[in-house]
Each structure stands twice: as structure tokens, then as C-alpha cells.
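Using mature numbering (1 follows the signal peptide of the UniProt record, and there is no 0), the letters of the sequence shown correspond one by one to residues -29 to -1, 1 to 128.
Among the hints, a few may not be true.
Derived DSSO-like pairs: lysine-lysine, alpha-carbon spacing no greater than 27 angstroms straight-line [what the hints assert, rightly or not]:
hint: 1; residue 1: K41; residue 2: K86
hint: 2; residue 1: K35; residue 2: K94
hint: 3; residue 1: K41; residue 2: K61
hint: 4; residue 1: K74; residue 2: K86
hint: 5; residue 1: K94; residue 2: K73
hint: 6; residue 1: K8; residue 2: K61
hint: 7; residue 1: K40; residue 2: K61
hint: 8; residue 1: K42; residue 2: K94
hint: 9; residue 1: K41; residue 2: K74
hint: 10; residue 1: K74; residue 2: K35
hint: 11; residue 1: K61; residue 2: K20
hint: 12; residue 1: K74; residue 2: K31
hint: 13; residue 1: K73; residue 2: K31
hint: 14; residue 1: K41; residue 2: K8
hint: 15; residue 1: K86; residue 2: K61
hint: 16; residue 1: K94; residue 2: K41
hint: 17; residue 1: K8; residue 2: K42
hint: 18; residue 1: K86; residue 2: K31
hint: 19; residue 1: K74; residue 2: K40
hint: 20; residue 1: K94; residue 2: K8
hint: 21; residue 1: K20; residue 2: K94
hint: 22; residue 1: K86; residue 2: K73
hint: 23; residue 1: K35; residue 2: K86
hint: 24; residue 1: K35; residue 2: K8
hint: 25; residue 1: K8; residue 2: K73
hint: 26; residue 1: K74; residue 2: K94
hint: 27; residue 1: K61; residue 2: K31
hint: 28; residue 1: K8; residue 2: K40
Okay, the calculated beta carbon distance ranges per label pair [claimed, not checked]:
hint: 29; residue 1: T58; residue 2: H105; range: 35 to 45 angstroms
hint: 30; residue 1: H105; residue 2: H60; range: 35 to 45 angstroms
hint: 31; residue 1: A123; residue 2: G75; range: 30 to 40 angstroms
hint: 32; residue 1: G27; residue 2: V98; range: 17 to 27 angstroms
These are computed hints drawn from the structure, not numbers from a lab.
Fair warning: this is a prediction, and the values are worked out from it, not measured in the lab.
Built from N, CA and C at the ideal position, the CB exists for glycine as well.
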Amino acid sequence: MIPSAVRGIVTTAALTTALTLLPPSAAGAAAGGDIEKVDLLGVTVISTKPRHVEPGDSWKTRLKLYTEKKKTYAGNGTSRCDTVRVTAHKLVVQCTRVLRLKKGSLVLSDQVTHKGHATATAKTAIVGGTGRYHSAYGQGTVTLAGPLLHFALRVDE
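Generate coordinates for the entire structure from the input sequences, incorporating the hints supplied.
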């Protein structure tokens, strides 16, 4: 049986050799990966949002997702939003969103401040994913304009 100290040295040497022999692009990908831009348009299919929102209310929304440039179907999504604060002119909600795409799913988390019926834009965090996006993280923006949502994401892996 090989002592653990020897195994550690052998493992370190093997990893160093492997990283040295990788082409520069693969080494860069292993070190932090490239940023993938994901731009999507979401169209609300159904929403359970109440007409008059009170603090503590929550609702779900189903979306169809389309590519921003070609407007081709890209997948579907869901949102679950919880009311954080309601004032006479503002509504603050915390949302978790799942975007299911052909390559995998992205999970987002954001806090949006709505001022009346105006378009609202907020930063969103990419907190996880599945498939191609199994180790995804990053950030982006989500813009809400009535039944339409625009996602501009920078996905790092």
C-alpha cells in the first residue's frame, strides 16, 4: 500500500503535467471559463398574480422563451415571486426564476422594484443550473414590461 504522502505527491505531479500540456484555450476554460451571453425574450403564458397585491402575497408565472435576435422558440420558464413591500407608489418583490433551455436550465434570483405600471429593470443573479449550465454562476438584468420579460445574462461556468 502506498503511503498517503506519496499519493499526494504523485497526484500533484500528474495535475501539474496535465495543466502544462493543455492548450492555452483549454487551460483558460479550466481556470474560469468563458462568459456566455444569453439574451432571451419571455412571454407570459399564465400568471397567478393577484389584482391587488398585499405584503406576503406570492404568485407563479409561466413563460415561453424566445431568442432575442431570431425570435425562435428557445424553451420555457417559470417564476415564483414573493411580495417584500407595498407602498402607495411602489411594489418590491423577490423572485426565483427557472429558464429551461435546450442545453440545460438556469436558475435566477432577483429583487424587482415596480413603480406603478412602468417598465421595471433589475439585476438578477445566476445561482445555478443543470445540463450545460450545471456549474453556472454570473449575473445579468431582467426587464419587465407588462407580459414581456427581457433577460440579458452573462453566464460564467
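Hinted pair K61 and K31, Cα distance within 27 angstroms: Between K61 and K31 the Cα gap is close to 20 angstroms, so the pair holds against 27 angstroms.
Agreement of K94 and K8 with the hint, judged by alpha carbon distance not exceeding 27 angstroms: Satisfied, since the Cα-Cα distance of roughly 15 angstroms is no more than 27 angstroms.
Given pair status - K40, K74, alpha carbons within 27 angstroms: 18 angstroms, holds
Range hint 30 to 40 angstroms (beta carbons of A123 and G75) holds or violated: 19 angstroms, violated
Proposed proximity, K31 with K86 (alpha carbon, max 27 angstroms): The hint holds at about 20 angstroms.
Holds or violated: K40 to K61, with C-alpha atoms at most 27 angstroms apart: 32 angstroms, violated
Pair hint outcome, K86 versus K73 [Cα-Cα no greater than 27 angstroms]: This hinted pair is violated, its Cα atoms lying about 34 angstroms apart.
K41 paired with K61 [C-alpha distance capped at 27 angstroms]: 35 angstroms, violated
K94 paired with K73 [C-alpha distance capped at 27 angstroms]: The given pair, whose Cα atoms are some 24 angstroms apart, holds under the 27 angstroms limit.
Agreement of K41 and K74 with the hint, judged by alpha carbon distance not exceeding 27 angstroms: Within the cut-off at roughly 18 angstroms; holds.
K20 paired with K94 [C-alpha distance capped at 27 angstroms]: 21 angstroms, holds
Agreement of K42 and K94 with the hint, judged by alpha carbon distance not exceeding 27 angstroms: The given pair, whose Cα atoms are some 23 angstroms apart, holds under the 27 angstroms limit.
Hint check: violations occur at hints 1, 3, 4, 6, 7, 22 and 31; the rest are consistent with the structure.
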